[in-house]
Amino acid sequence: MFISPRRISILCQLFMVTLIMLGGMNIQSRHVSAQGQGWVEQAFGTFGADGLAGMRAQVWTAQQPNSNTFRASPVGVCTTLPPCGSTAGFVETGYYKGTSSPRQNILQQYATWQTKTGRFDKQYDLGDLGNNTWYNFAVLRKAGAANWIVRRDGAKVYTITRNPPDFATGSMVACGAEGGAADITLAVQCNSMAFYANGSWTLFDWTFAQTTGGYCVDRVGQFTALGWGPC
Amino acid sequence: MMKKKSMIFLLLLFLSGILAWALVSTNDEIARAGRPMPTAAPTKTPGLPSLIEMTQPELSHPLTKDESLQIALSYDRQLSIWEKPWNTQTAQQENGRVTIEWHKDQTYDGSTLGRYSERGPIWVITITGKVRLKEDRSGKFHNGITYRISERTGRLISYSAGEWVE
Chain Y
1 MFISPRRISI
11 LCQLFMVTLI
21 MLGGMNIQSR
31 HVSAQGQGWV
41 EQAFGTFGAD
51 GLAGMRAQVW
61 TAQQPNSNTF
71 RASPVGVCTT
81 LPPCGSTAGF
91 VETGYYKGTS
101 SPRQNILQQY
111 ATWQTKTGRF
121 DKQYDLGDLG
131 NNTWYNFAVL
141 RKAGAANWIV
151 RRDGAKVYTI
161 TRNPPDFATG
171 SMVACGAEGG
181 AADITLAVQC
191 NSMAFYANGS
201 WTLFDWTFAQ
211 TTGGYCVDRV
221 GQFTALGWGP
231 C
Chain F
232 MMKKKSMIFL
242 LLLFLSGILA
252 WALVSTNDEI
262 ARAGRPMPTA
272 APTKTPGLPS
282 LIEMTQPELS
292 HPLTKDESLQ
302 IALSYDRQLS
312 IWEKPWNTQT
322 AQQENGRVTI
332 EWHKDQTYDG
342 STLGRYSERG
352 PIWVITITGK
362 VRLKEDRSGK
372 FHNGITYRIS
382 ERTGRLISYS
392 AGEWVE
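These protein sequences, in sequence, are chains Y and F. Last residue of the first sequence: 231 (the numbering used here), numbering continuous. Last residue of the second sequence: 397 (the numbering used here), numbering continuous.
Hints listed in this document are in silico derivations from the structure and should not be mistaken for laboratory results. Please note: incorrect hints may appear among the correct ones.
DSS-like cross-link-like pairs, simulated, lysine-lysine; straight-line CA separation at most 25 Å [unchecked claim]: (1) Y/116 / F/335; (2) F/275 / Y/122; (3) Y/122 / F/335; (4) Y/116 / F/275; (5) F/361 / Y/116; (6) F/361 / Y/122; (7) Y/122 / F/296; (8) Y/142 / Y/122; (9) Y/142 / F/315; (10) F/275 / Y/156; (11) Y/122 / F/315; (12) F/315 / F/275.
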């Protein structure tokens, strides 16, 4: 019946060590509550560092259904550290499809950017896309360049000159899924995620999951993020 | 005696295990229990994807000024929430609230033409007032919206919302 004080002490120490380890693990998978009007659901695999000036990823378009307001695969740079806060500037691109899209339910590339003071722009006509296809989407601002550019498969498709972002570098990059209604089924796979800083691209493993509601981000391989849900 | 001690020790270990599992499991992992992840995407094949032809049908006639306002309103209803709503009559009823301009192409405001961009004339509809964008998670009011609509196809090409306002 008797457990020695020494054994209790060892158990307590083990328990405390376990708690400390678990605390550390939880920091790596923090969750962000829904903000705004609950309109947008998202699951981002993100990475934070100062001086980021570009983000690229291979994104699988899959076969997106027609019935939703919109569904998108943002690949972007944000001016705040994770999470991309409500007062952040950002620039992003990716695929876009939905009933609120100007090309009703036709899969296309888009770009969106916002200044740090909230001026918001969205550009739709960046080209139609195919289902079940890998595309390499990127936003980038090279050192000394006057503008951010939007790329697809290495080719420039747009230069942002209207109401341009009022920042040359950001602190966070992200790739994932975004949808225009609560609880719609989303799944966006981002492969070969890379950030641009100091003149070169670097592959990275995401370190922070920015999710809303019942959405998840999983690593399905090296340098990948699969944003999906409800999970 | 030893048997009892061992059993209590094992019981404590078991309870610690359950506690550890509960702490280790993130909310996601608990929520997704029994719900499989989607199938991972297939491996990328070498080379570039084939180019998709834009199949944007032209209107039977160039979009008129009144039609452009109607289209702007239909997009606006999906994209924004106004402190003071507007409709197609507002242009006549509230001086300066709604303006409509025609421009020969998208470069009128310093925009560049992208690789696949609409090249033709556009209608530019600007509505003033405090407005929330459904896609802006800050939930803050913006200072007005401008819509740019193709005269050839009647499709929305882009839109801009002003800076945040109190």
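Violated hints, by number in ascending order, as checked against the structure: 1, 2, 4, 9 and 12
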